[in-house]
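Protein chains in written order, with numbering that gives the first Met the number 0: chain A, 0 to 594; chain B, 0 to 350.
Among the hints, erroneous ones may be present.
[What the hints assert, rightly or not] PhoX-like, lysine-lysine: derived pairs with alpha carbons at most 20 Å apart:
no., chain 1, residue 1, chain 2, residue 2
1, A, LYS482, A, LYS13
2, A, LYS257, A, LYS239
3, A, LYS482, A, LYS91
4, A, LYS435, B, LYS5
5, B, LYS70, B, LYS160
6, B, LYS146, A, LYS451
If you're looking for bench data, these hints aren't it; they were derived computationally from the structure.
These numbers come from a predicted model, not from an experiment.
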Amino acid sequence: MKATDIADPNYFHKVVDCQWACPAHTPVPDYIRLIAEERFTEAYMLNWDSNVFPGILGRTCDRPCEPACRRVRTEEKPVAICRLKRVAADHKGDISDYLPRVPKKKNGKRICLMGAGPASLAVARDLLPFGYEIDMFDRDPAGGGMMRSQIPAFRLPADVLEEEVDLILNMGVNAQFGYEITSMKEMLDMDYDAYFVGTGAPRGRDLDLPGRQEVDDHISIGIDWLSSVAFGHTSSISGKVIVMGGGNTAMDCCRTSKRLGAERVTVVVRSAFDVMKASEWEKEDAMSEGIPIINNRPPKEFLHDNGKLTGIVFECVRPIPDGRGRYRYEPSGEPDVVMECDHVLMAIGQENHCPWVERTVGIEFDKWDCPILDEDTLQSSHPKVFFGGDSALGPENIIWASAHAHKAAISIHLMCQGKDILRDRPPEGVNLISQKMGVHQWSYDAEHDDSKRFLVPHANKRKALDNIKIEVELGFDARLGLKEAQRCLNCDVQTVFTESLCIECDACVDICPMDCITFTNNAEEGELRTLLTAPAQNDEQDIYVSEELPTGRVMAKDEDVCLHCGLCAERCPTNAWDMQKSVIHTPQLGSYASG
Amino acid sequence: MTFVAKPRVRHPLLPVNELGLTRRDYEGSVSTLCAGCGHDSVSAAIVQACAELSLPPHKFAKVSGIGCSSKTPSYFLSHSHGFNSVHGRMPSVATGANLANRELYCIGVSGDGDSASIGIGQFAHIVRRRINMLYIVDNNGTYGLTKGQFSATNDKGSTSKRGVPNLYEPIDLVSMALQIGASFVARSFSGDKRQLVPLIQAGLMHKGFAFIDVISPCVAFNNHNGSTKSYDYVRGHTERLVSADYIAAGEEITVDYESGMLEDVAMPDGSTLRLRKVDEDYDPRDRVQALTQVQRSAEAGEVVTGLLYVDADAADCHDVLGTPATPLNALDDSVLCPGAEALEGVNAQLR
Ligand SMILES: Cc1cc2nc3c(=O)[nH]c(=O)nc-3n(C[C@H](O)[C@H](O)[C@H](O)COP(=O)(O)OP(=O)(O)OC[C@H]3O[C@@H](n4cnc5c(N)ncnc54)[C@H](O)[C@@H]3O)c2cc1C
Ligand SMILES: Cc1ncc(C[n+]2csc(CCOP(=O)(O)OP(=O)(O)O)c2C)c(N)n1
Ligand code: SF4
Ligand code: SF4
Ligand code: SF4
Ligand SMILES: [Mg+2]
């Protein structure tokens, strides 16, 4: 293998599994250390910088970082990264001094943001400090998009949502709520310098089965129903409720129904339990509230009594593993089942839908009705129009909306400044900073903590089920937060190797608790992986290879399960190993804000 | 020395041996030796060797004298028996331990100062007595623990860290062991675990006195340019003569084609020692040839490594003394102390 180029920003970035997995590349271990030092405000701001909504995300994020966390591979459960984010938000002090200044004098460029969801809000936040005039339009009565209209208050209290949404609106956004956009042409005629479409994926799917038309009064589309609950138009549901679908919307629908008075709530899913789209923890929460989830039951027909829904007929199928982690389904041979119900909430997916974008204005769509975009700039086929969030690539989540927003904001800024929106983007970068303080002193807490993941305390279940406004999770207090923070392995404190200093004494090999390091003859990657002290079977994790050493061998380190404990550097007599913190520079508009 | 405790977690795919243990279960406490000390690699090799052989850690007796090297039994096999004796006196303790319980695997770790300087008399006699043990000398040519004085194995003309040359001839423990009764004699290098681990395995399973002289650089006091026991010097002057693989009884023995260079030695317990030679004419069962080869290479400034001599069928101390098969510490009082009548009988023989 060729020697590793550690100057490539992606090399060490990939080692920080959580940060790499985070769409917005939040510097996770950095903020976790700040929490451990009880510097909650700084921890919060570090998050705010990258993901814009730490308090909201600390409760609702889909957390792609957690399954990626190295701790899953070294021990078992990931660090509770998401809930630590919430600790920072819950315990922060006054942040006003840390906020970017928004110039009174504008730069003369006007930007139109369509929709007031997380995507548009984050674009606004990125652009305002540069003097842009921001006009935002949304048909809802208040800002936040689906964070407000969909995510129920028992997961995301209104005050947490409002604090972070208002923070941005108050930076000087000209927001017009209750404004339904009906024509893109009309908007383009207003002649803004750039447009950002952040209108989400607002259409819930329906299911056309026999009896569907007749029972229309008893069927609601999940996301429409949730939003009518959020805006106070619906405050109760009665009788037996069936929620159809296996995603997070289904979980929110069933838990909301339970709180609004349903006599019995059942979730019915056509596929198997382990391939349901809902996150593990959402399923667990629903089940722990006494809601049964019934799998492998595709619906066949709605039964009714003169238009009054009485039940649904389901077929029984059996999942057959296809060997690639998926299933195909075949009839199980059991007779069809009828489940009684009075109301159905349909939560089987969402679609992109912009009927108000005339197909003649120069914005092209693909066959799934998604806009055709440049991946790096999020520019549509109309040079002034950019997309982000759910409207760009279909329904995702809040953290992706933030990530898209940063990208689009850079494009908009470059375009307005007359630069090339692809070539002139700020580069990625990495800085390495030694953590050595003294002979055996490191400026990070190198000691490994083998505690198990700490559980987040929950509100009293009976009370929580009585009131939709009672937040179920209480969050870690500062003490538990500190303990959980200690579980982080500090994956951003990198093992950096200097060939010229190594005397090949094997001290690092002998001390490494995880058998990461081997001195061996070089070979192609596939073979090299088999030559290491412990098998390097995780191909997604790189092997760090040195230049050739005096004995003709190379140092090969499998990054996979390194604890970043610093023992290799401690035991190295010549400092050929050093522990250095990698600071990854993810391009963001702030990258320009030097002056 | 390190203050960060070694985490207990281990690589999830670390091999598990026949006892269900991983290599990590054969470790000791974290070393307090200097970072980069060769002795730590020797300890790591012992850990690996014992784990691969699936030997139960509580079936070991570790013995040592005084020195950095003699501290190392703390850093491997924390679940075994051990005795850290006075300077140069490990052989007495080893002899006692092995006589009292012949069922324990006895590992002695000593230094060149401990064995060739203050302990040279004890060393000579434990070799002669053929105690059934593995005796390792971590040979760094210096008194590491007392900050770098020349030891008795330091080569004449080689210098101290400050450049002062050594005026005396070195004692070669390998030659001594060959001369006075060791039935397994090897030399290796702490920086070459691929050679060292199988030698340790073979030495542990060998019946009789097994001796390994391991050149093990002292990074603090004897790893400079004037030293003949530095990492660089040893790497530049090593000649691997015979490699050995230990193949347990019942394990499949694969056929190798350069057979002129191969020699399988049957061990009394049914296992096999497979020797891989660099020179077809070298016979590791010929003691005189071994001695000659070692001396010649030394003259030429070369360090020969590998299994230099082995006699798998040699008698050990228990054969010589005719001790019972049951360990002495397992015999009951009536056997150990047969009473006045038996004493009468013995006395009568002597009248
Ligand atoms: C039930 C449910 C639960 C969810 N839970 C989570 C969760 O826990 N965590 C998570 O990360 N994500 C969750 N999501 C997904 C998340 O809410 C969205 O991915 C995210 O809000 C998308 O942001 P956005 O800015 O692209 O669009 P949106 O948040 O959808 O905002 C779009 C805005 O545009 C407005 N708009 C649309 N069309 C027009 C128009 N023609 N005129 C004027 N205004 C218009 C809408 O009113 C809306 O305010 C959930 C989604 C649902 C449906
Ligand atoms: C009876 C006695 N004499 C002298 C000493 C001082 N002393 C301690 S260790 C040592 C030399 C150890 O050298 P070596 O055996 O080569 O071990 P190393 O530290 O080099 O591994 C000496 C002279 C002592 N502890 N006891
Ligand atoms: S251990 Fe810490 S730094 Fe490493 S992946 Fe997990 S949260 Fe991130
Ligand atoms: S930091 Fe060094 S010693 Fe610790 S696990 Fe990683 S490679 Fe091994
Ligand atoms: S002084 Fe020398 S022998 Fe002793 S621990 Fe340090 S390097 Fe090893
Ligand atoms: Mg010594």
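Here is how each hint holds up against the structure:
no.	hint	in the structure
1	LYS482(A) to LYS13(A)	26 Å, violated
2	LYS257(A) to LYS239(A)	10 Å, holds
3	LYS482(A) to LYS91(A)	18 Å, holds
4	LYS435(A) to LYS5(B)	18 Å, holds
5	LYS70(B) to LYS160(B)	23 Å, violated
6	LYS146(B) to LYS451(A)	44 Å, violated
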